[in-house]
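Enquirer: Single-letter residue listing:
2 protein chains.
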Amino acid sequence: MAAGTPFRDYPVGHQAARLNRGPVEYNWPMTDIHSYMLKVGRDARSASRLIGACSTRTKSRALQGIAAAMDEARGVMKEANACDMARAEANDLDRPLLDRLLLDDKGIDHMIEGVLQVDKLPDPIGEVSDLSYQPSGIQVGRMRVPLGVIGIIYESRPNVTVDAAILCLKSGNACILRGGSEAIESNKIIATCITEGLVAAGLPEEVVHLVNITDRAVVGELLKLNAYVDIIVPRGGESLIERVSRESTIPVIKHLDGICHVYIDEDADPDMAVAIAVNSKTEKLAVCNAIETLLIAENIAGTVLPTLAQRYGQAGVELRGCERTLALVPDAAPAKEEDWGTEYLGPILAIRVVDGVDEAIRHINTHGSHHTDAIVSNNYMRTRRFLTEVDSSSVLVNASTQFADGFEYGLGAEVGISTDKLHARGPVGLEGLTTQKYVVFGNGEIRHR
Amino acid sequence: MAAGTPFRDYPVGHQAARLNRGPVEYNWPMTDIHSYMLKVGRDARSASRLIGACSTRTKSRALQGIAAAMDEARGVMKEANACDMARAEANDLDRPLLDRLLLDDKGIDHMIEGVLQVDKLPDPIGEVSDLSYQPSGIQVGRMRVPLGVIGIIYESRPNVTVDAAILCLKSGNACILRGGSEAIESNKIIATCITEGLVAAGLPEEVVHLVNITDRAVVGELLKLNAYVDIIVPRGGESLIERVSRESTIPVIKHLDGICHVYIDEDADPDMAVAIAVNSKTEKLAVCNAIETLLIAENIAGTVLPTLAQRYGQAGVELRGCERTLALVPDAAPAKEEDWGTEYLGPILAIRVVDGVDEAIRHINTHGSHHTDAIVSNNYMRTRRFLTEVDSSSVLVNASTQFADGFEYGLGAEVGISTDKLHARGPVGLEGLTTQKYVVFGNGEIRHR
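Chains A and B, in that order, are what the protein sequence lines are.
With the numbering used here, the residue at position 438 of the first sequence is 438, and numbering never jumps.
With the numbering used here, the residue at position 276 of the second sequence is 276, and numbering never jumps.
No false leads were mixed into what you were given.
No distinction is drawn between identical chains; accordingly, a pair holds when it is met within one copy or between any pair of copies.
When the alpha-carbon atoms are kept at most 27 Å apart in a straight line, the in silico DSS-like pairs for lysine-lysine are as follows:
id	residue 1	residue 2
1	LYS254	LYS437
2	LYS120	LYS106
3	LYS437	LYS284
4	LYS437	LYS120
5	LYS254	LYS224
Rather than coming from a laboratory, the hints here were simulated on the basis of the structure.
All chains, full assembly: derive it from the sequences and hints.
Expert: Shown next, in the form of structure tokens:
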């Protein structure tokens, strides 16, 4: 090791000394989960100091090691996953959950590709921006640095284990992962592969800690580790996210509802409007960026709505319309007030005819969830107004709302989509797992107040 | 008004119609503070939609109007302040509090200058960055937008009323201000001037709402207005910040301790080291960016410490040292373990001799408050390591820690210094009161998964 290099490479075995403690001994089962989680937190904090100052090359070596280990572990991984699947089936888990739990060769390929893609992304850490001289003579800039320790709580999908781990690793963060108990055997194998990759790069295994205790008390303890954990990212259903928001004493990056809209303006191209409105709903129904309400300007409703109703009908989508919609689409059911604020996540769509862009913006800002909203229009001023005034994490012009994710936005990968306004808004990629600190270069300046 | 301009100018009197409600009628005293604060929150949310989409020119007109109104109101402002001062003196408030409460002509000049300076800052809102084409054909970028509604809770300094209001206004946010009851009469006059400025620019007065009810229940209600308030900024002493952190259901940008350090490296220029170490402590003692602990490399301690001890002695600073310090500065008191974690905010300094940069970094990351830390060194690798590995909101090389504020960093003004890592870290200027949303420009693209 070149002693004193700012971004260092750690040879194997070196890290134990730098962590100022002996070899890892968790002594599980312990008498209490509280002490165990405290230790996990403390170790993650120590490890975060190492990974945060580690070179791009070392992180790359770890990522490539993880990919190689996963490729080698295909057999055991599928066996472990078969155990999880058998248990889940015996417990009568429903089909979508089983689908998310399954790891076949295609799924494993996909995970490995993901690791190699993240390896190729530019390293965000250490980047200095806005470096400029001030009247006092000091030069002030901002350096991108890791957040520190990230806690990720998720449900049954085992691929989240590797996705979350590699994004945290690349962005210089240590992480504590707590997956769903359904996937415990699959997760253990994945965690072993991650450890192998870390060790191959000379990094301490505490950089990624998978908590494989299924007791739900673990989550409660994790949410109270303020002293060691900088941010919590819950990934899963509404009840998980609500529990985490309620109990966490650590800031949370979260994703709540996705009540998304397409607004078809009177100056829209009718074919484009139909294509975008249909795709935004039906390309995938149960995703957060699928639309739940279609808004359409009165002047174009007569031209477009009958065709749209036919296309939605073919796709098996049930329509619920306002009065003006019902006049044009007699088959639709009448929409109730609560339809404007419901995330169906399925084959139901609410439709409202509006006077124009003003009413559309007002409707979206009032009833939407500030997630993703699109306008279809060829009118310059109205598209500008929509972009400016719609208060959502993604605002699109003439494109399907289904594009709103980290991959399509060029972030390379995402840890989730944030509906919060602070820190990270919209798809959260590597940058969302970092922060900036001020750096000042002086020449001996002192301040005279 | 040019209907449909994305950033619009609102002529006087127009806003009431756009807010979808009648003229302002608070009907205070009401039976309960809860309903009152709900109304304040709702009105601020409505007003935030207007100010968020409003042109730079309109905001400038409002700022200039505020400055002019304050200049005209000098007489009444000083009279109102005299009432506050008399009441505070009768209540035996202590000297520093009285100093912060006083508004004389110099103080009023300073506030007016502040308003005009913020007017000259570039408008952050609407700025689009990183706009780039993706493989699907969509063009994705990020647009800087206001947070929405900002709640600011502060203590006796009346100038915070105008500073907070103008930063929120310039960054397109509505704000709810709750100042200390000691300054209530001064604050009312300042609020009147702000309203005059807003009205002169045709903006609704709800853009800046000063809550002038002194009942402390107001704070509790404000901290629970999640539906209407996006962020809370507490400015004041530890007990205020603790209460706000504990009770708030809204995210908080806060400033906790300032346990700052200077580390004098063995390759430091001795004169520069003395100048920076002395200035970092004594230029102003009771500020958060004054140092509480001096760290010094063993190899240079003998050269520098005796001179330093003499300079600190002249400035009336009491020294508390580790054993190695005491060997060089026999007059110093022995430091206890808790001295490394104490924010004295006064004429006491802890001193520790360390082996080198490794121990210094470890000490700072362990005992510091991640606020502001400086190294004095002429060594390339060690300054780079210090910059990279010290986990603080400001890290300086060869400059006094007392530079760590928004004015010296070129932010133009600051709403406070954040010791949080998320969203805003370090001095918080206009940008810290904004967020970014994704904007997507398409040509009819739909997604094929």
